[in-house]
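In the order they appear, the protein sequences are chains A and B.
Residue numbers for the first sequence follow the numbering used here, so the first one is 277 and each next one is one higher.
Residue numbers for the second sequence follow the numbering used here, so the first one is 33 and each next one is one higher.
It is worth saying that the hints were derived from the structure and are not from the lab.
Note that beta-carbon positions come from the ideal geometry of N, C-alpha and C, so glycine has one too.
Please note that a few of the clues may not be correct.
One side of the interface only, derived from the structure: several residues of chain B facing chain A at Cβ under 7 Å [claimed, not checked]:
#: 1; residue: Thr49
#: 2; residue: Thr56
#: 3; residue: Ala58
#: 4; residue: Asn73
#: 5; residue: Gln85
#: 6; residue: Gly99
#: 7; residue: Ala102
#: 8; residue: Leu103
#: 9; residue: Gly151
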Amino acid sequence: MNQDKTTKQMIIEGLKSQRDTPVYNADTINKISKEFEEWKNSAVSIEHRKHYDITPHSLLGTDLPRRLVYSPIDIKSLDYGEDLGFPGKYPYTRGIHSTMYRGRKFTIRQLSGFAGPEDTNERIKFLLDNGATGVNIVFDIPTIQEYDSDSPVARGQVGMGGVAVDSVNDMELLFKDVPIDKMSVSLVTHYPTNTAILFAMYLVMAERRGIPWEKLRGSVQNDMVMEEVVRGGLEFIPPKECFRTQCDNISFIRTHVPKWNCITLNGYNLREAGASAVTETSVAMANAIETLKELVERGHSVGWIAERISFFWDVANDFFVEIARLRAARRLWYRIMKYRFTADNDKAMLMRCHVQTSGLSLTSEEPMNNIVRAAYHALAAVLGGTQSLHVSSYDEGYSVPTEAASLVSLRTQQIIQEETAISAVVDPIGGSFYVESLTDELEKKILDEIDEIEKMGGIVEAINKGWLHKKIAEYAHHENRMKEKSAIKIVAHNYHKLGGNTAEIDVFRYRSGVEERQRKKIEKLKQRRDNTTVKKSLQKLREACLKHENVLPYCIEASRADATEGEIAQVFREAFGLWHPPMHW
Amino acid sequence: MQSDNIKIVIATLGLETHWRGAVTVAQMLREFGIEVVYIGNAFPEEIIEVAIQEDVSIVGVSSLSGGHLALGNDLISLARKKSVKDKVVFIIGGVFTPNDYNELMNLGFDGIFGPGATGEEIYNFIRKAVTAKKV
Numbered sequence: 277m278n279q280d281k282t283t284k285q286m287i288i289e290g291l292k293s294q295r296d297t298p299v300y301n302a303d304t305i306n307k308i309s310k311e312f313e314e315w316k317n318s319a320v321s322i323e324h325r326k327h328y329d330i331t332p333h334s335l336l337g338t339d340l341p342r343r344l345v346y347s348p349i350d351i352k353s354l355d356y357g358e359d360l361g362f363p364g365k366y367p368y369t370r371g372i373h374s375t376m377y378r379g380r381k382f383t384i385r386q387l388s389g390f391a392g393p394e395d396t397n398e399r400i401k402f403l404l405d406n407g408a409t410g411v412n413i414v415f416d417i418p419t420i421q422e423y424d425s426d427s428p429v430a431r432g433q434v435g436m437g438g439v440a441v442d443s444v445n446d447m448e449l450l451f452k453d454v455p456i457d458k459m460s461v462s463l464v465t466h467y468p469t470n471t472a473i474l475f476a477m478y479l480v481m482a483e484r485r486g487i488p489w490e491k492l493r494g495s496v497q498n499d500m501v502m503e504e505v506v507r508g509g510l511e512f513i514p515p516k517e518c519f520r521t522q523c524d525n526i527s528f529i530r531t532h533v534p535k536w537n538c539i540t541l542n543g544y545n546l547r548e549a550g551a552s553a554v555t556e557t558s559v560a561m562a563n564a565i566e567t568l569k570e571l572v573e574r575g576h577s578v579g580w581i582a583e584r585i586s587f588f589w590d591v592a593n594d595f596f597v598e599i600a601r602l603r604a605a606r607r608l609w610y611r612i613m614k615y616r617f618t619a620d621n622d623k624a625m626l627m628r629c630h631v632q633t634s635g636l637s638l639t640s641e642e643p644m645n646n647i648v649r650a651a652y653h654a655l656a657a658v659l660g661g662t663q664s665l666h667v668s669s670y671d672e673g674y675s676v677p678t679e680a681a682s683l684v685s686l687r688t689q690q691i692i693q694e695e696t697a698i699s700a701v702v703d704p705i706g707g708s709f710y711v712e713s714l715t716d717e718l719e720k721k722i723l724d725e726i727d728e729i730e731k732m733g734g735i736v737e738a739i740n741k742g743w744l745h746k747k748i749a750e751y752a753h754h755e756n757r758m759k760e761k762s763a764i765k766i767v768a769h770n771y772h773k774l775g776g777n778t779a780e781i782d783v784f785r786y787r788s789g790v791e792e793r794q795r796k797k798i799e800k801l802k803q804r805r806d807n808t809t810v811k812k813s814l815q816k817l818r819e820a821c822l823k824h825e826n827v828l829p830y831c832i833e834a835s836r837a838d839a840t841e842g843e844i845a846q847v848f849r850e851a852f853g854l855w856h857p858p859m860h861w
Numbered sequence: 033m034q035s036d037n038i039k040i041v042i043a044t045l046g047l048e049t050h051w052r053g054a055v056t057v058a059q060m061l062r063e064f065g066i067e068v069v070y071i072g073n074a075f076p077e078e079i080i081e082v083a084i085q086e087d088v089s090i091v092g093v094s095s096l097s098g099g100h101l102a103l104g105n106d107l108i109s110l111a112r113k114k115s116v117k118d119k120v121v122f123i124i125g126g127v128f129t130p131n132d133y134n135e136l137m138n139l140g141f142d143g144i145f146g147p148g149a150t151g152e153e154i155y156n157f158i159r160k161a162v163t164a165k166k167v
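For reference, chain A alone in the conformation it holds in the complex (with noise of 0.2 Å):
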């Protein structure tokens, strides 16, 4: 592997010469051409002539100039083994299985998390007993930040926006009567740090029930962009370090939880915070790459660490972008796994990916619209060929979903996958010019943002220097000047909107008492447990850092004594010392 060389740069080179089965020919293109300039002149008015290319605009959008209609003429170089292939074989454009759909449906993987442990537990039961085929666990605010809920900064936050939990205790309450060993569960843990702990306490749970590691399924997030861009809070640790832990956790889960997802580069919610779907996904590859290249350096196999990796993406509302997105995705994934790594197992090239459809493009005003909305982002994604979805629900602009639009969220998955046939043929809109014509644009546009990074120094320093911080709240204030002036169209919030106040909706109640209930939980735990050995265990763990060990066994260490959430992150924030995000307004 020359390390001189960018991954643009690798890939080109590889790519060279190998297209022996063109789609067209030189002749069929001039005859085409020669038509459509005829085709143009005579049938388009001089009007749609002088626009022929215009950009439409919509929220979290890439802004790509779109032809009247597109021909062979915009693809004309397409190579139907170098650029498409058949589903399950390179380069993985119309899918990474053989039958996709068929043989496996996307998993339907709905967020659940509020209150308390016992009342997600309740909530991931209705679920699963009304057909949901995976887990997908959201933690409050407190504990994405990493405090205890008896902590004074958690004060009137526990059990907002996902699940309390402050010990292996609470992960036990959790996943009460869940059968863990035969379903695959997501952790949106977010960051390195907290997936150090939080993870830990699941293995640690687990353990306790008796079920081996090996046994479980299920995936992690575990991505520093999280950690140190996306995120606001008080306290933030150095990228380094925060980058170090993310690969220390993929390290060891690889090594001991075999068929755990390791990483999951989130890209859904930097798209969310102010990104077009090009940054989105440049940003998660270029984790993807240097993570692999730390993890080569530590010993690893590139091949085995990444059949590991996936993906998470977000779909929003510029539909046919997303589609060809996800294609794009899984061919440039392909590459550089093939010509960056020279990966030597098929499985470490299949871009696998969780798709959420998006929050932020749904809206306060006339709230049953945003099921509309949501099924055309879930149909994209779908079209695209996700492996699970997660449908964002109606009642988003108002707070967490309630049962009733969980569940509607549940039917539209249901609906896509049972009513509409779309999952009988794999890649349904493969072939058509306009999708082949975005797919290779937006696979160019990734590349070239990758290019860019690594040429900074890659991700970690695009994060410390402010790169990446200065791009999405630039995106971010863009947008919102073109969503001001309805440049960008919002039906019924700048666009046909209705005077007076908006429809009634059914919302989320939070349970009262939850705050109270995990401050006793953490109260009688700290009595119960031995506090000797919780000390030691984080007196092992604060060594580790400072002597760059894996910190991972020493979180489950901790765990297994009983320690808080809070105890053990304290620690990461003294031995890594705190970092100020640069801030850009």
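Got chain A sorted already, so can you dock chain B onto it with the hints?
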């Protein structure tokens, strides 16, 4: 643009992870000519302290994940205790249920803005509210 020397401190309330809303409002108000002090994540004590130090006429806080009632209450109570409630306009933005809009109003917030609020609406509200408080 005419700003009438309006100065606002904007904060993301408590441990809230979402900052886009607060930053967007900060950007918009700055473009309307308002002097903006954006302090990122902060708790009521710090927000009121900055409000006093910077001698602002308006405090804006953002909350999307459910902490608005408890921390909003803390903020307004502290403002009353420090005798700034009558001099300063308090606004809050974020994701709230219709019922919580009323509760926030009862707590003493002067203005409440959901995800649909535009920059112009917020700006016009601020102009009026600041003028009213001065009288």
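Please verify that hint: Ala58 of chain B, Cβ, nearest Cβ of chain A, below 7 Å or not.
Hint holds; Ala58 of chain B Cβ to chain A Cβ min 5 Å, cut 7 Å.
Let's test the interface hint: is any C-beta of chain A closer than 7 Å to that of Gln85 of chain B?
Interface hint status for Gln85 of chain B: violated (19 Å vs cutoff 7 Å).
Taking the closest Cβ pair, is Thr49 of chain B under 7 Å from chain A?
holds, 5 Å
Could you check if Ala102 of chain B really has its C-beta closer than 7 Å to a C-beta on chain A?
Check passed: Cβ of Ala102 of chain B comes within 2 Å of chain A, closer than 7 Å.
Quick check on the hint: Thr56 of chain B CB to chain A CB, less than 7 Å?
Hint holds; Thr56 of chain B Cβ to chain A Cβ min 5 Å, cut 7 Å.
Leu103 of chain B as an interface hint toward chain A, with CB separation required under 7 Å
With a closest approach of 5 Å, the Leu103 of chain B hint holds.
Take the shortest C-beta to C-beta distance between Asn73 of chain B and chain A; is it under 7 Å?
With Cβ-Cβ at 5 Å, under 7 Å, it holds.
Tell me if the interface restraint on Gly99 of chain B is satisfied: Cβ within less than 7 Å of some Cβ in chain A.
holds, 4 Å
Can you verify the interface hint for Gly151 of chain B: is its Cβ closer than 7 Å to any Cβ in chain A?
Holds: closest Cβ of chain A sits about 6 Å from Gly151 of chain B, inside 7 Å.
Hint 5 alone, counting from the list given before, is not met by this structure.
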